[in-house]
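Protein chains: 4
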Amino acid sequence: MELTESQKQEIEELTSAAYTTKRPTVPAFEEILYKPFPVLDHGFVRVIDYMGDDSAIVQAARVSYGRGTKQTSQDKGLINYLMRHRHTSPFEMCEIKLHVKLPIFVARHWVRHRTASINEYSARYSILDREFYFPKFEDMAAQSTQNHQGRGETLSMAEAEKVFEILKADAAKCYDDYEYMLNENPDGTRKDENRKGLARELARMNLPVSIYTQWYWKTDLHNLFHFLSLRAESHAQKEIRDYANVILDMCRKWVPLATEAFEQHCLGGTHLSRKGLDVVQRMLKGEKVTREDSGLMKGEWNELMAALEIEE
Amino acid sequence: MELTESQKQEIEELTSAAYTTKRPTVPAFEEILYKPFPVLDHGFVRVIDYMGDDSAIVQAARVSYGRGTKQTSQDKGLINYLMRHRHTSPFEMCEIKLHVKLPIFVARHWVRHRTASINEYSARYSILDREFYFPKFEDMAAQSTQNHQGRGETLSMAEAEKVFEILKADAAKCYDDYEYMLNENPDGTRKDENRKGLARELARMNLPVSIYTQWYWKTDLHNLFHFLSLRAESHAQKEIRDYANVILDMCRKWVPLATEAFEQHCLGGTHLSRKGLDVVQRMLKGEKVTREDSGLMKGEWNELMAALEIEE
Amino acid sequence: MELTESQKQEIEELTSAAYTTKRPTVPAFEEILYKPFPVLDHGFVRVIDYMGDDSAIVQAARVSYGRGTKQTSQDKGLINYLMRHRHTSPFEMCEIKLHVKLPIFVARHWVRHRTASINEYSARYSILDREFYFPKFEDMAAQSTQNHQGRGETLSMAEAEKVFEILKADAAKCYDDYEYMLNENPDGTRKDENRKGLARELARMNLPVSIYTQWYWKTDLHNLFHFLSLRAESHAQKEIRDYANVILDMCRKWVPLATEAFEQHCLGGTHLSRKGLDVVQRMLKGEKVTREDSGLMKGEWNELMAALEIEE
Amino acid sequence: MELTESQKQEIEELTSAAYTTKRPTVPAFEEILYKPFPVLDHGFVRVIDYMGDDSAIVQAARVSYGRGTKQTSQDKGLINYLMRHRHTSPFEMCEIKLHVKLPIFVARHWVRHRTASINEYSARYSILDREFYFPKFEDMAAQSTQNHQGRGETLSMAEAEKVFEILKADAAKCYDDYEYMLNENPDGTRKDENRKGLARELARMNLPVSIYTQWYWKTDLHNLFHFLSLRAESHAQKEIRDYANVILDMCRKWVPLATEAFEQHCLGGTHLSRKGLDVVQRMLKGEKVTREDSGLMKGEWNELMAALEIEE
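The listed protein sequences correspond, in order, to chains P, D, L and A. Going by this note's numbering, the first residue of the first sequence is number 3, and it counts up by one from there. Going by this note's numbering, the first residue of the second sequence is number 3, and it counts up by one from there. Going by this note's numbering, the first residue of the third sequence is number 3, and it counts up by one from there. Going by this note's numbering, the first residue of the fourth sequence is number 3, and it counts up by one from there.
Misleading hints may appear alongside valid ones.
No copy labels: a pair is met if it fits in one copy or bridges any two.
[Stated by the list, open to error] Below are the BS3-like pairs computed for lysine-lysine, each with C-alpha atoms no more than 27 Å apart in a straight line:
| id | residue 1 | residue 2 |
| --- | --- | --- |
| 1 | Lys138 | Lys170 |
| 2 | Lys138 | Lys193 |
| 3 | Lys277 | Lys255 |
| 4 | Lys240 | Lys164 |
| 5 | Lys170 | Lys240 |
| 6 | Lys290 | Lys300 |
| 7 | Lys78 | Lys175 |
| 8 | Lys78 | Lys277 |
| 9 | Lys164 | Lys193 |
| 10 | Lys10 | Lys37 |
| 11 | Lys255 | Lys37 |
| 12 | Lys277 | Lys193 |
| 13 | Lys290 | Lys37 |
| 14 | Lys193 | Lys170 |
| 15 | Lys78 | Lys10 |
Everything labelled a hint here was simulated from the structure, so no lab data went into it.
Model the full structure from these sequences, guided by the hints.
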């Protein structure tokens, strides 16, 4: 993650500002405002702005004239109740705006979360930087033999090295050719006066999806938690999971009570289906239940036993 | 608009708070934070929180690391360009949260704007106050003879008085019976020990749609402008228009450049259809155009002539 | 539920139509198309149109060129997998359009489901019918003493009768006055030539929220299931639950595999929080767990024991 | 656009099906159902399913029990009125599902339209085909000197040829290496037994954004028109415009009255700002207006003069 001097200076100015406001403010969260948190090799997440705090959730749930109660224990109990009973609307009352730098293939997963606002860096308007994501050797893995859309065994060092060389060489070649086709100096004049440059919106099509893009992303806390529940869990691709985990950590600073309730009731725990619940009820009554008489398919049975920590 | 002493005190506390923040802050808007602005006879709008300012729009449009430029003239030009060319996403980067007290029939229009978050006072959980909307005499009007869904001529004083008496009496009777059916003291005990009270979720069904409810409503600036473009215009029912106009005024304080661009390009002005544009082009070339050779239906022709201020 | 003769005839014509189409068609569902299914005293739900079937879910999940496999067992397994793992997007590929007649207070709950399209009968444009919802005696209940937003004990016959008389009388008075204020014959002329009528948009404000309205409501299967998961469950008000159950029944005819998976994995079963799962794991290992050492609050502990069918 | 034999056969089967339905059916649209319409060099659009027709719009606007009137002239007038006055909700009552094959960089524009459902071919789960978009020579253009995000002058034949060679070679190299890294036969076994293959979700990151992907895309008519109004117009990138124009043509077959109204009132015509309208009003009164006394900025003035076909 490299920032230019002028970007660093801009961020420096922002973090040293001090305005007066009547709005709910979270001092611990203000501490990290604007600061880039590194993710992957060149990516980052920065909090640009936020609205509301734990007490804003309480305030909205009660449609009150003032803020949430001063008694944290009551707020905590109410927030837990709301989360447990899927009263999701009060969580929509907090909003966050992030600046994210991420590879295009990660952006393509991310954008599927529709209840959010996005302003992305435009490759029609501007020239993309020469920055690509290359996995670390320990993250280079073979196709999983169990999971059709996941990773299995890690590659050997020699194999990983070979993959790394390929990714690096192809990215470099594609970017060199991007620059050649653009034929454009930083001031917009042509590098080679004897030929035209290709329009940016066309030249960019030569770039691989490992190249970094950037965007402003704004969403509310309910939808952020939904994003995290899908992207911080084990089925998500490792690269977007890294972003999700950094954001989850930010939430712990921003809205500690809501995040605790979210981790307790959504991220952790498990869902029992009708038949799965029946299995558990019977087991708790002392009955020996087998897959055959559970009515469950193999896949679901295995997932249930794993969740219950029952070894067969 | 009556607030209880404890509500007034809560608001007083909120408006006298002063926190330190690094977030973009709009001093002129902070001035009106939390204060109830009266609408209709008992309603109000209060700004509870906001996120972003004019420069946040510029920042997102440029996906920059810092804030918008310090040069207001450049920001203004860019914001105008974005509005004119329907680049709406940067306007989604500002967010506002309002506390609104409004009659149920107004709430039923309002809620149709789906890209917003709402927490409404629950009549299943709580008891509604005895507050109803009664139009002023000058707002009591007959059905329009031109517009199937609007008002025409104002009622005579005697007619208006009669309507007022009816609305008042029916509201009072319905509320008296609501209280009777609830049979509930403020502390939850029964008024009349010899009979049960009806559940709140059932008793409330006796109340007319003129009764006031309250909610927290949160939306982004793009969707707020869309709301205003539909609800501040002449086809909207007068009662919701009153709310829209109060909110429009708030926007002028919050995001003056964006609001000016919105009034210039969306609220004001007019849309010309393909044929309407053809009529204007021909007229500007000096041609005399009649409805017959315009290809327009009567309704559209009349609207066009009115927009162009051409009297026939 | 009363339909006019002309409405009955229109429905008759629709149900006897037979067009030829290449689109996926569900014969069992075609049988009930357009037919009003009664809900409450005057309400109904009618299926107006639908798009897709179980195999459309499979087709989208596979992004295939043809329809889902002919082998129902494979489709069933895939649909179950998708539901269990929250791969919700393929369920969005089926769409349904309903015509619903419902009391305004039910409509106010319903409209909170935002990912749906609505066209409601306009009381600004048209005159509402004299139809109100009055609960059956067995549905008249006192406020719950446990649940702040629900019903408890049923009223005595005498109490219920009294409530019924009040609701009926107030509704009749409000509607009589609505008609008086409108002063309008069916052909739009005045009843009493000596006074103006009040505009419809104003007169309607005298009507209680028990009056019936109607709308066209269109949503996709994923969002319909979400609606049902919140509105067919025990915390929802009984009146909207009645609608939800009628619609759930329709789904069983329309998309039997998806509905079975939904009932299995979402409607039925239960969610275990992180601590709740820990309790179950410990119990299954033979440990005796008490609320005190579970780390759970009283409310959550009670809900967990109830779900596990453990009596204390 | 190449389809495999088995895909062709699947499509053949679908187009020769004939089911009986009571649902609104558009015979002219049924004709093109399932058939791939080519776009760009390898892309296509296929209609997979639809719901509703012109009369469904009328039916919803009137919340009627039957279909729209049989008199087309009345339906047409109403649809025009709805479009002109932005009564958009009835247009949401029609729904369409498309199967689209498109380059990733086009998909990245497309997905920004959030009110739609998508199921995309997964490059985590499956292997992408060796199909890339290469612009035709006449579409290879230099960066526009006026428009920061568009194309200007066409490249010379020699320059275009050179660009084509680069794009082709880089795509081939990246795909060869993708296959090498995957090390996977069609049956999932390894090509080279002596090394592991890289997981699909990682290998795909080497592919340029010109590669084709596929998805099912489902949206309602209102949102489809919004998509077309932004993507069929001159500021959109040529490649997505090609898709928009094919879809617009499909709409003409599906909902001819609504599409005509859309072309008349939204696609064609122009919006006049408050000041722009003032300029037109003054000109129509015979006044000579210059940019200086119009109050308009240069850019807006030029756009206005162009729209009015006034040469300066």
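Each hint tested on the structure:
In this assembly of identical chains, Lys138 and Lys170 lie within 27 Å of each other by CA distance solely inside one copy; the values are 12 Å within and 29 Å between copies. Taking the shortest Cα distances, Lys138 and Lys193 sit within 27 Å of each other only across copies (25 Å), while inside one copy they are farther apart (35 Å). In this homomeric assembly, Lys277 and Lys255 come within 27 Å of each other (Cα to Cα) only across copies, at 22 Å, whereas the closest approach inside a single copy is 39 Å. Within a single copy, Lys240 and Lys164 get their C-alpha atoms as close as 21 Å, which meets the 27 Å cut-off; across copies the closest is 39 Å, which misses it.
Taking the closest pair of Cα atoms, Lys170 and Lys240 come within 27 Å of each other only inside a single copy of the chain (20 Å); across copies the shortest separation is 31 Å, beyond that limit. In this assembly of identical chains, the alpha carbons of Lys290 and Lys300 lie at most 27 Å apart only when taken from the same copy (17 Å versus 30 Å across copies). Proximity of Lys78 to Lys175 under the C-alpha cut-off of 27 Å is found in neither arrangement, the shortest distances being 55 Å within a copy and 41 Å between copies. For a Cα distance limit of 27 Å, the shortest separation of Lys78 from Lys277 across copies, 16 Å, qualifies, whereas the shortest one inside one copy, 33 Å, does not.
Taking the closest pair of Cα atoms, Lys164 and Lys193 come within 27 Å of each other only across two copies (16 Å); inside a single copy the shortest separation is 34 Å, beyond that limit. Only within a single protomer do Lys10 and Lys37 lie at most 27 Å apart by alpha-carbon distance; the minimum there is 10 Å, versus 39 Å between protomers. Proximity of Lys255 to Lys37 under the C-alpha cut-off of 27 Å is restricted to the intra-copy arrangement: shortest distance 14 Å within a copy versus 29 Å between copies. Within a single copy, Lys277 and Lys193 get their C-alpha atoms no closer than 68 Å, and across copies no closer than 43 Å, so neither meets the 27 Å cut-off.
In this assembly of identical chains, Lys290 and Lys37 lie within 27 Å of each other by CA distance neither inside one copy nor across copies; the values are 55 Å within and 48 Å between. Proximity of Lys193 and Lys170 under a CA criterion of 27 Å is satisfied in both settings, with 25 Å inside one chain copy and 23 Å between copies. In this homomeric assembly, Lys78 and Lys10 come within 27 Å of each other (Cα to Cα) only across copies, at 26 Å, whereas the closest approach inside a single copy is 38 Å.
Comparing the model with each numbered hint stated earlier shows that hints 7, 12, 13 do not hold.
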